[in-house]
Amino acid sequence: MLNESLIAKIRESGMVQGEAEAGERARLLQEMGFRVTERAEYAVIASCFLPSMVPDDMKAFGSLLRHYGIDYTLLPKEYCCGNLLYRQALKSKSDEELKRADALAAEFLEANLSQARKAGASKIVAFCVGCDLVHHRFKEDVPEEIMWYPTLLERLFRGGRLELQADYYAGCHYFYNRLNQTMPDLEAISSIFSRIQGLELNQLDHQLCCTRPEQMERLTASIKSKVVITPCGGCADQLQQALRDRGGCRVVMLPQVVWAAVSGQPL
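Going by the working numbering, the sequence shown opens with residue 40, and the numbers climb by one from there.
What the hints contain is simulated information worked out from the structure, not anything from laboratory work.
Where hints are given, some of them may not hold.
To be verified - Subject to a maximum C-alpha distance of 16 Å in a straight line, what follows is the list of computed EDC-like cross-link-like pairs (lysine to aspartate or glutamate):
| hint | residue 1 | residue 2 |
| --- | --- | --- |
| 1 | Lys178 | Glu135 |
| 2 | Lys162 | Glu179 |
| 3 | Lys178 | Asp224 |
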């Protein structure tokens, strides 16, 4: 069964966490330098959880948007994509629940698109791969170009330097593949890495799932460096928790790596 309380919170506040957290999220994004403007080419979907879950990575993404002069806006009232509802529908193994999750996700996406259209935005960029998972189900049905943030960064980034040895975990993206029979744009990330001079990567097994304890144990055992890079906020959070007792090991998302490569600032 889909969580009716969660649905009500999204309709009321835009977020699964409710009205109080929506205000805190807006404050946090403003402190990071993100903006809401009346007109823009791009509408950025920040997600319900990532601004507070991975603030340094979110801030680095904002720095990159400014660095490249991207004409963007956040939405005045961003609505949750409905990813959690899909997970509930899959758990129930009910076709009817999946259809209802699709209908609700379409409702929430339309609420976001109407705000983007009001601002004149023709491109939608999701920071969260969970949002991109949901958007992928509808992207052929809307006129706007909808993308995950690495796709945008790959178009913008022409090269840089970062002397770094790191591990790279692309993520298994199990739910993405199960729902959409495809994967997110991981090729864009590989293309970005190929343009960073001095970056040496140990590729971790992306078929291992960070949410399954026995697989996470194998994943962390294969880490060779002090820095782990991942494009996914959920994976970053899971890895950070798993590596808490492993002194000096950091987990960073792609934007921090790209920002360090173009700005010359240390990672």
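Holds or violated: lysine 178 to glutamate 135, with C-alpha atoms at most 16 Å apart: 22 Å, violated
Agreement of lysine 178 and aspartate 224 with the hint, judged by alpha carbon distance not exceeding 16 Å: Holds, because 14 Å separates the two Cα atoms, which is no more than 16 Å.
Hint consistency between lysine 162 and glutamate 179 [alpha-carbon to alpha-carbon, up to 16 Å]: 13 Å, holds
Comparing the model with each numbered hint stated earlier shows that hint 1 is the single one that does not hold.
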